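Engineer: Below are the chains, spelled out letter by letter.
2 protein chains.
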Amino acid sequence: MSRSIVVIGSGAAGMTAASTARKTDPDASIVLVTEDEHIAYSPCVIPWTLEGKTTWDDIVMHDPDYYRRERGIDVRILTKVTSVDIDKGLMTAGEEEISFDSLVLATGGNVFIPPIPGKDLEGVHVVRTINDGKAIEKALKNVQEVAVIGAGVIGLEMALSLIELGKAVTVVEMMDQVVPRILDSDLAANVRQYLEDKGVRFLMGSPIQSVDGDGLVESVTVNGQTIPCGMVIFSTGVRANLELPNQMGLDIGALGGVRVSPSMQPYRRGRLIGNVFVCGDVVQCESAIVAGPTMSQLGSSAVRQGRVAGINAAGGKTMHEGVASPWVSVIGDLQVAGTGISSGLASWYGIEVVVGIGRGFSRARYYPGGTPMTVKVIAEKSTGRLIGAQIISGEDATGRINWLSAAIIERVSAGDFISRYENAYCPPTSMVRDVAFAAMEDLVSKF
Amino acid sequence: MSRSIVVIGSGAAGMTAASTARKTDPDASIVLVTEDEHIAYSPCVIPWTLEGKTTWDDIVMHDPDYYRRERGIDVRILTKVTSVDIDKGLMTAGEEEISFDSLVLATGGNVFIPPIPGKDLEGVHVVRTINDGKAIEKALKNVQEVAVIGAGVIGLEMALSLIELGKAVTVVEMMDQVVPRILDSDLAANVRQYLEDKGVRFLMGSPIQSVDGDGLVESVTVNGQTIPCGMVIFSTGVRANLELPNQMGLDIGALGGVRVSPSMQPYRRGRLIGNVFVCGDVVQCESAIVAGPTMSQLGSSAVRQGRVAGINAAGGKTMHEGVASPWVSVIGDLQVAGTGISSGLASWYGIEVVVGIGRGFSRARYYPGGTPMTVKVIAEKSTGRLIGAQIISGEDATGRINWLSAAIIERVSAGDFISRYENAYCPPTSMVRDVAFAAMEDLVSKF
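Sequence lines, in order, name chains A and B.
Take the first sequence: its position 62, counted from the start at 1, is 106 in the working numbering, and no numbers get skipped.
Take the second sequence: its position 354, counted from the start at 1, is 398 in the working numbering, and no numbers get skipped.
Bound conformation, chain A alone:
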């Protein structure tokens, strides 16, 4: 009898797990259950869809029929799994009982909204699903002033999209820099300046105290100050959705995600569970930088984890390796990217770092259309090993951060990088010596 695989969740992790399981076992019965209405889209694109760069229809790659027809995956939308019995291999999904040989849990995360007064008023939004995006689009018609709570990359991308739509935008951030934790403060200052020049107002170091209004949002209170606004968007970080994991009795790690083995299998009271695989925003995985866990809540990480979970759920054997978690964000004309850990996070870990900065251009200096490019690299002082890198540029940051991420994964030093790594050169696409090398030289000069 063919293997029966059930995937819970239709984000990047779940969809990838289902498709990879299908490739691994062409004969398996595969069911994917999701509470969402839409599947196979990238929530990361919501800010640009609001701006009109693309449409809600276009960003959905495939519908459930496609998966049924082309991949033999039975996708059930708008269906909530209320309980899972691991030992019996049985779950309750909507009205139905579904049995499974292997279960992939990819229940994702939810935007964390601080427990403040007024958080449930009409006009309070998050940016997580297409329906969230559509709700914002609809409500925006009657709104001129928006408060964005949280200056992470989603908050900043949203802030700029709202500016493009002609709204007045205030970003409220409890930390004293934008893109906290993952971007160094000096680069963060450049990003904030760019957004201020575009008209975004910032209230930094200021936790939100309340959302105010009578039924409908009228303002937010920050530092005792009243900020009038008709809409509040919380982009205050994502927390693992632990409803099912808790119901299943899975062990939760120190960072608040489901603990998993390198095969993406969870534990229950310290014991590995044989027939369950967990992936995506709900798990904590191993860091490639520091011994121990990290939350790598990125779309690309979800795909990577979903692949491992899908192969293993279908009887294959593969391992999830530690992550440096490269990321990139496009904020207007800026591309901001990072990988590994920031100086701030290193300091939190108690790691002493040496940093190098390179400044140059994305093309040959004289070539039209090029933009300034800053590359920052971070090394662990006692060994010289690179542990982080960040880029601000007008173009082509993505390939370059992948490149620097490879160096970090390979545990090289800045000196190694200079000796062994190379860059391609053509005047319209790079300097003859890429800016990354200037950053590495600066770092080496400080040892």
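Honestly, the hints are just simulated from the structure, not real lab data.
Note that the coordinates shown come from a computational prediction; the quantities given were computed from them, not determined experimentally.
Incorrect hints may appear among the rest.
Claimed, not checked - Just the calculated beta-carbon pair ranges, DEER-fashion: (1) Arg225/A - Gly413/B: 28 to 34 Å; (2) Leu260/A - Arg409/B: 46 to 52 Å; (3) Gly413/B - Asn154/A: 42 to 48 Å; (4) Ala179/A - Ser489/B: 40 to 46 Å; (5) Gly459/B - Asp176/A: 34 to 40 Å; (6) Leu299/A - Asp102/B: 36 to 42 Å; (7) Gly360/B - Asn319/A: 57 to 63 Å; (8) Gly428/A - Gly359/B: 22 to 28 Å; (9) Arg409/B - Leu299/A: 30 to 36 Å.
Unchecked claim - Below, simulated EDC-like cross-link-like pairs (lysine to aspartate or glutamate); rule was C-alpha separation at most 16 Å, straight line: (10) Lys425/A - Asp377/A; (11) Lys163/A - Glu240/A; (12) Lys67/B - Glu81/B; (13) Lys124/A - Asp102/A; (14) Lys361/B - Glu240/A; (15) Lys211/A - Glu240/A; (16) Lys67/B - Glu240/A; (17) Lys211/B - Glu95/B; (18) Lys185/A - Glu208/A; (19) Lys124/B - Glu189/B; (20) Lys425/A - Asp486/A; (21) Lys361/A - Asp460/B; (22) Lys67/B - Glu181/A; (23) Lys67/A - Asp486/B; (24) Lys97/A - Glu240/A; (25) Lys67/A - Glu81/B; (26) Lys182/A - Glu166/A; (27) Lys67/A - Asp118/A.
Glycine included, each C-beta is placed from N, C-alpha and C at the ideal position.
Fit chain B to the known structure of chain A by using the hints.
Structural biologist: Coordinates of chain B only, in the frame set by chain A:
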């Protein structure tokens, strides 16, 4: 007494060597001697300068005065070194005798023009120096039809610039594909098709027989066929300029470049020479892909070698590591990039390969402005180690080829790449899983 360093040559290798020597030894006396009139510019930009995207003045970064004033480097232009006595540490440069403690030889290469009738007619050009570019610009005013001999990247970049300038262009190539040796034939076919669509005419598998005309170029003869043209541009590859190396008695390697040690020191009758360092287009260096030498005649390689030569000439100690030689070429709307060795070159070496192809987009599929992206990866069959990669895309090929080059340098397999490497994702700059991974998956599926 301070160390006296002389650098011969003002290309990327020579200029980098001089500047790096200055950083390494602030007290050294540094003289740079060059036959050229202009220094500190990138010959790679000539096609775009002809097209008017930049100017001859703008592409020169610095003049000799700048080097004298800011870096204490005594640059002597339009000066030919006619002889060097290594043992005495003495050379004849123009009318002058100059002594040296350390010599950096960066005499570059010359365009190889086959010894055919008519090769010295007026109207025959090469693309090597600013003055070559200016000569082409001037002559083009009276020319409507141009024959470009050689379909390497410079030939193709020139061909498209000439099309943009409204000229009729025929490219003549003796091999049966464009960008021979470094690009695989399938990707080369796409590049050729793109250029044909732009109006470039190709004569493939056809060595040029003669340049014809009475004083002035009137046509070229290829396969017995007469191609009328008022200008012929030879982009038939660069050969090491061995005039001085031969006069100095340096050992020349099997590939036609000066043999050097990892410290970039040459040999004479098998013995390392203590006070000479050679870099740039004139040397052959070690390959990171196959044990043995390679000619890495790229601007970025010249900088890398010049740095090592400059440090060592100034009393420092550093080593030149093997190269994968990543390159990128911008041909109209196409970016074509490669690293490591092509399938064709592998076959020449007797290496059996397995290849993988990934096809996708430079941005999320639905994101406006994205372009198709093809990534090809090449692995050595017996070990699975990646030995080459190539990209055709409309954007952002440079960072990605650097990334793939890092994987090759680190000797990973496609399976390793999938397990350990990561990509950053944002809809305007990449797919959630970069096309590189699709290529790796395809490769793995063939083992």
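Engineer: Next, verify each hint and record whether it holds.
Structural biologist: Now the hints, each set against the structure:
1. Arg225/A - Gly413/B: 28 to 34 Å: Holds, since Arg225/A and Gly413/B (Cβ atoms, about 30 Å apart) stay within the stated range.
2. Leu260/A - Arg409/B: 46 to 52 Å: violated (38 Å)
3. Gly413/B - Asn154/A: 42 to 48 Å: Since the Cβ atoms of Gly413/B and Asn154/A sit about 32 Å apart, the hinted range of 42 to 48 Å is violated.
4. Ala179/A - Ser489/B: 40 to 46 Å: Since the Cβ atoms of Ala179/A and Ser489/B sit about 42 Å apart, the hinted range of 40 to 46 Å holds.
5. Gly459/B - Asp176/A: 34 to 40 Å: holds (38 Å)
6. Leu299/A - Asp102/B: 36 to 42 Å: Violated - the Cβ-Cβ distance for Leu299/A and Asp102/B, about 51 Å, lies outside 36 to 42 Å.
7. Gly360/B - Asn319/A: 57 to 63 Å: Roughly 60 Å apart at Cβ, these two residues keep to the hinted range, so it holds.
8. Gly428/A - Gly359/B: 22 to 28 Å: The hint (22 to 28 Å, Cβ to Cβ) holds, given that Gly428/A and Gly359/B are roughly 23 Å apart.
9. Arg409/B - Leu299/A: 30 to 36 Å: holds (33 Å)
10. Lys425/A - Asp377/A: Given that 16 Å is the threshold and the Cα spacing comes to 34 Å, the pair is violated.
11. Lys163/A - Glu240/A: violated (27 Å)
12. Lys67/B - Glu81/B: violated (25 Å)
13. Lys124/A - Asp102/A: violated (26 Å)
14. Lys361/B - Glu240/A: The hint is violated at about 48 Å.
15. Lys211/A - Glu240/A: Holds - the C-alpha atoms of Glu240/A and Lys211/A are around 14 Å apart, at most 16 Å.
16. Lys67/B - Glu240/A: The given pair, whose Cα atoms are some 39 Å apart, is violated under the 16 Å limit.
17. Lys211/B - Glu95/B: Since the Cα atoms of Lys211/B and Glu95/B sit roughly 11 Å apart, the hinted pair holds (cutoff 16 Å).
18. Lys185/A - Glu208/A: This hinted pair holds, its Cα atoms lying about 14 Å apart.
19. Lys124/B - Glu189/B: violated (35 Å)
20. Lys425/A - Asp486/A: Roughly 14 Å separates the two Cα atoms, so the pair holds.
21. Lys361/A - Asp460/B: holds (14 Å)
22. Lys67/B - Glu181/A: Between Lys67/B and Glu181/A the Cα gap is close to 57 Å, so the pair fails against 16 Å, i.e. violated.
23. Lys67/A - Asp486/B: OK: Lys67/A and Asp486/B at ~13 Å, within 16 Å.
24. Lys97/A - Glu240/A: The given pair, whose Cα atoms are some 23 Å apart, is violated under the 16 Å limit.
25. Lys67/A - Glu81/B: violated (62 Å)
26. Lys182/A - Glu166/A: holds (13 Å)
27. Lys67/A - Asp118/A: Distance ~15 Å between Lys67/A and Asp118/A Cα, so the pair holds.
In this structure, the hints that do not hold are numbers 2, 3, 6, 10, 11, 12, 13, 14, 16, 19, 22, 24 and 25, in rising order.
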